[in-house]
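*Asks:* Spelled out from the first residue to the last, the chains are:
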Amino acid sequence: MRVDGPQANATNEEHVANRFDLPNLGIGLGLRTVHYGHILEHAPDVGWFEIISENYMQTEGKPLWFLDQIAERYPIVMHGVSMSIGSSDPLNWDYLREFKALRDRVGARWVSDHLCWTGIAGRNTHDLLPIPYTEEALRHVVSRVREVQDFLEAPLVIENPSTYVEFSGSTMKEWEFLRALTEQADCAILLDVNNVYVSAYNHGFDPDEYLAAIPYDRVVQFHVAGHTHNGTHIVDTHVGPVVDPVWRLLGHAHERAGGASILLEWDADIPPFPVAHAEAKKAEQWIGGVAR
Amino acid sequence: MTDRKPSPLLGGATEAFVHERASATPRNAVLEAAPAAHGTSTRPPVVASFDRLQSWFAASVTHAGLLSEGVVADGLVSRLDELERVVTRGPRLGALERLGVYHHGYRARLVECLADDYPAVQYALGTDTFEALCHGYIARHPSRSPNLNAYGQHMSAFLVEGASGVDLGTAPLAFLAGLATLEWALVEVLHAAAAPVLSLETLQSTPPDAWPSARLPRADTVRLLRLAYPVNAYFQAWRTDEAPTIPTAAASATVVYRHELTLWRLDLTPAMTALLSALFGGETLGDALAHIEREVHDAEELAEAERSVMIWFREWVAGGVFARIELPDANLEGACP
Ligand SMILES: [Fe+2]
Chain A
881 MRVDGPQANA
891 TNEEHVANRF
901 DLPNLGIGLG
911 LRTVHYGHIL
921 EHAPDVGWFE
931 IISENYMQTE
941 GKPLWFLDQI
951 AERYPIVMHG
961 VSMSIGSSDP
971 LNWDYLREFK
981 ALRDRVGARW
991 VSDHLCWTGI
1001 AGRNTHDLLP
1011 IPYTEEALRH
1021 VVSRVREVQD
1031 FLEAPLVIEN
1041 PSTYVEFSGS
1051 TMKEWEFLRA
1061 LTEQADCAIL
1071 LDVNNVYVSA
1081 YNHGFDPDEY
1091 LAAIPYDRVV
1101 QFHVAGHTHN
1111 GTHIVDTHVG
1121 PVVDPVWRLL
1131 GHAHERAGGA
1141 SILLEWDADI
1151 PPFPVAHAEA
1161 KKAEQWIGGV
1171 AR
Chain B
129 MTDRKPSPLL
139 GGATEAFVHE
149 RASATPRNAV
159 LEAAPAAHGT
169 STRPPVVASF
179 DRLQSWFAAS
189 VTHAGLLSEG
199 VVADGLVSRL
209 DELERVVTRG
219 PRLGALERLG
229 VYHHGYRARL
239 VECLADDYPA
249 VQYALGTDTF
259 EALCHGYIAR
269 HPSRSPNLNA
279 YGQHMSAFLV
289 EGASGVDLGT
299 APLAFLAGLA
309 TLEWALVEVL
319 HAAAAPVLSL
329 ETLQSTPPDA
339 WPSARLPRAD
349 TVRLLRLAYP
359 VNAYFQAWRT
369 DEAPTIPTAA
379 ASATVVYRHE
389 LTLWRLDLTP
399 AMTALLSALF
409 GGETLGDALA
419 HIEREVHDAE
429 ELAEAERSVM
439 IWFREWVAGG
449 VFARIELPDA
459 NLEGACP
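Taken in order, these protein sequences are the chains called A and B. Anchor point for the first sequence: position 203 equals 1083 in the working numbering, and the numbering is continuous, going up by one each time. Anchor point for the second sequence: position 263 equals 391 in the working numbering, and the numbering is continuous, going up by one each time.
Hints are computed from structural coordinates only; laboratory data are not their basis. In this text, a Cβ means the ideal position worked out from N, Cα and C, and glycines have one as well. One should not assume that every hint holds.
Residues from chain B that keep clear of chain A, each with C-beta distances beyond 10 Å, as calculated [to be verified]:
(1) 208
(2) 209
(3) 247
Ranges between beta-carbon positions, derived for each pair [unchecked claim]:
(4) A/1158 with B/201: 29 to 37 Å
(5) B/268 with A/1051: 57 to 65 Å
(6) A/1123 with B/442: 54 to 62 Å
(7) B/288 with A/1148: 29 to 37 Å
(8) B/333 with A/1030: 52 to 60 Å
(9) A/985 with B/201: 40 to 48 Å
(10) B/209 with A/921: 58 to 66 Å
(11) A/1031 with B/436: 53 to 61 Å
(12) A/974 with B/219: 36 to 44 Å
(13) B/334 with A/1030: 28 to 36 Å
(14) A/973 with B/288: 31 to 39 Å
Given these sequences and hints, build the entire structure.
*Replies:* Structural data, given as structure tokens:
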């Protein structure tokens, strides 16, 4: 694993490094339009930016103009919401071609999407819908991840989503499915520790059991985010500060991974850039000297 | 460009606001619970193939009415008390309530997208009526694209066709459709490629005797709108927090364009409209100028057109509204360097 910054001598020799040789970019932020002006004017000291791929697809105008400027100054990672890797519909090759072209345009360090599906029969719900964790679904998703990786000539990074239901017919836990998928398809993991926390609350499992099952040599990135607690359930709204139990999960997982890129997602009631940036930098307090 | 007041009267820069899509889940409303009378099935999980299960799930969470009706609509689940044979009860919520997060999130996300595209229509209708309009639109136009950038493209036509009978109160459909046309033009222009456009230098280097046969096609970042209401005046008043009320019908024409990173809206006089429409329609400059005399009958406006036509051209070219100048002799053709 390539490690940027002063952590090379950190006490993590026993930890596995990611097997894809993807760099640790340090602490980054999700790129949001309301922050374009601040970023271009003040050039804040941020490790990297993650974009929602679809915001820069099907457009040739203003969004790309800003992205090109920012990609000249910062490492970019692409994070998608519409690959629909878990759908029983055929893969959308028009989408994948445009996706690959965008990756090449901005020099994205890696690309990710979610362990989910977004629609069927040609219709898109634009939501991250849950997959039944069965052998049939596993075979299907493994073959699609392989196909996409062959096309991209790069590892696909798969993120665990927040979920609100589980299927009665599931025969595996999500972490068992994720582990089997990533090993059989040889793909990478974006571990969203907030999503682990949200799903654990919604379904009543132990988040530490989830973390214990992750193959950390495949983890190339972490997500943290705020959420909305409704008492009966938690919704992954990406709003507000990250709660301490989620930071604690990050600390544990980050240590097990021997360090990997960390990213804060903030998508509703987005504050001024310095506020979001300060929230992301809180990660430093939870990861013991392993990030830059 | 930003120093210049768009002529002749009205318009102004629109600070382009693209609201991006995210991987987050919208905040919930109250989730629908199953009636207490319904018990819980203790029978084994429903056996269904992967794609059958996905069809059912998508049909349920995109169902336009109550979720409790949606889950039993396609036959996989025969009665509500059988739902837990497909999705489980959670530690604190029943299966129907849990599924309700997706049912609510589906429409909420698309309403948010349409509100980003049509903020003035939302203002004109009020939040609740706008939401009802969106629900009608979502039912009529489910997304078929991985991308939401073009999701709202049918709104004007949807309004013209009667908005699926949604009760929109007293606002005339033709006004709302015109306002939607203007707002969609802003979205389109924002996403259009900024290709090279005709420059002032190229225009000025064109020999005067070549002018009558020249053609000046529209740049990709430009839209010319002819509307049945003074929609742009209304939009401008809304933008500047003047709380406009719905105007009476009166023909208007507005050109919407992007110059570098700023979007502009510029109202046109009838003479300007006649000229630009003809040019954008592919006619030569000579023929386009003749349209002014055919379509404008007000003597004062004709005189004003004669005095100002060169000024209009300079302003339009400075704003980047023409893609290039095309002359019969191909050697003289040119875009900006
Ligand atoms: Fe995430």
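*Asks:* Could one say that the CB atoms of residue 1031 of chain A and residue 436 of chain B fall in the range 53 to 61 Å?
*Replies:* 57 Å Cβ-Cβ, so the 53 to 61 Å window holds.
*Asks:* Given a hint of 31 to 39 Å, does the C-beta separation of residue 973 of chain A and residue 288 of chain B actually sit inside it?
*Replies:* holds (35 Å)
*Asks:* Examine each Cβ of chain A, and state whether all of them lie more than 10 Å from the Cβ of residue 209 of chain B.
*Replies:* holds (13 Å)
*Asks:* Taking the CB of residue 974 of chain A and the CB of residue 219 of chain B, does the distance hold inside 36 to 44 Å?
*Replies:* holds (42 Å)
*Asks:* Take a quick look at residue 208 of chain B and tell me if its Cβ sits farther than 10 Å from every Cβ on chain A, holds or violated.
*Replies:* Given that every Cβ of chain A is farther than 10 Å from that of residue 208 of chain B, nearest at about 15 Å, it holds.
*Asks:* Is it correct that the beta-carbon of residue 247 of chain B has no partner in chain A closer than or equal to 10 Å?
*Replies:* Non-interface label on residue 247 of chain B holds, nearest chain A Cβ at 15 Å vs cutoff 10 Å.
*Asks:* Is it true that residue 334 of chain B and residue 1030 of chain A lie within 28 to 36 Å of each other by Cβ?
*Replies:* violated (53 Å)
*Asks:* Taking 57 to 65 Å as the hint, is the beta-carbon distance of residue 268 of chain B and residue 1051 of chain A inside that range?
*Replies:* violated (39 Å)
*Asks:* Starting from the range 29 to 37 Å, see whether the pair residue 1158 of chain A and residue 201 of chain B falls in it by beta-carbon distance.
*Replies:* Since the Cβ atoms of residue 1158 of chain A and residue 201 of chain B sit about 48 Å apart, the hinted range of 29 to 37 Å is violated.
*Asks:* Does the hinted range 54 to 62 Å hold for residue 1123 of chain A and residue 442 of chain B at CB?
*Replies:* holds (59 Å)
*Asks:* Honestly, do residue 209 of chain B and residue 921 of chain A meet the 58 to 66 Å range at C-beta?
*Replies:* Since residue 209 of chain B and residue 921 of chain A have Cβ atoms about 59 Å apart, the given range 58 to 66 Å holds.
*Asks:* Does the hinted range 29 to 37 Å hold for residue 288 of chain B and residue 1148 of chain A at CB?
*Replies:* holds (33 Å)
Of the numbered hints listed earlier, those contradicted by the structure are 4, 5, 13.
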